[in-house]
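Per this note's numbering, residue 1 is the first one in the sequence shown, and the count goes up by one each step.
Incorrect hints may appear among the rest.
[Said to hold, decoys possible] Label pairs and their calculated CB-CB ranges:
hint: 1; residue 1: Val4; residue 2: Asp48; range: 41 to 49 Å
hint: 2; residue 1: Asn84; residue 2: Glu29; range: 25 to 33 Å
hint: 3; residue 1: Thr114; residue 2: Asn84; range: 34 to 42 Å
hint: 4; residue 1: Ala63; residue 2: Ser25; range: 37 to 45 Å
hint: 5; residue 1: Asp48; residue 2: Asn16; range: 43 to 51 Å
hint: 6; residue 1: Gln127; residue 2: Gln79; range: 31 to 39 Å
hint: 7; residue 1: Tyr81; residue 2: Asp118; range: 16 to 24 Å
hint: 8; residue 1: Thr121; residue 2: Val4; range: 29 to 37 Å
hint: 9; residue 1: Gly18; residue 2: Gln127; range: 18 to 26 Å
hint: 10; residue 1: Ala92; residue 2: Gln127; range: 36 to 44 Å
Just so you know, the hints here were simulated from the structure itself, not pulled from any lab data. Glycine included, C-beta positions come from ideal geometry on N, C-alpha and C.
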Amino acid sequence: MQAVSGSDPFMYRLINAGKARELSSNLVEDYANLSCCVVGVTGKLARDDRRVVAALTQAILEAHDYSVKHPEEVAKGFQAYALNTTTEEVVAILHDHTHGHHAVGAALTAEIATYVRDLKTVEVIRQSTDANAFAAEITADVFS
């Protein structure tokens, strides 16, 4: 195997077993201070029922904050749904993640624009795409 891309717990296990070395991830360098996850809803729902989207988003943000402050409790609760993992492993993985950072509103739009610019450099998004306009088009400030 020359290279692999994956997610936890698979990658966590490979790295900890010495079978792989992390070259980079979305948790280091410039990306460590950017949101790694977003809530995706239809434009119609975001426009027509903003309160529902705001409540859903708020609940997810609170869950992320709780996982940062109480990783052991989250890991214990996760065990009811987990396959082939331990509480200790889940705690270790949670300590590596950036669930405590979650941009909203204009800050999220700016972070998405950063991702768009980077995706342009690897030709995933057309060079002619205006990163700021694209980010503004696909995000909604559900808290204002």
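Which earlier hints turn out false for this structure, listed by number in ascending order? 4, 6, 7, 8 and 9
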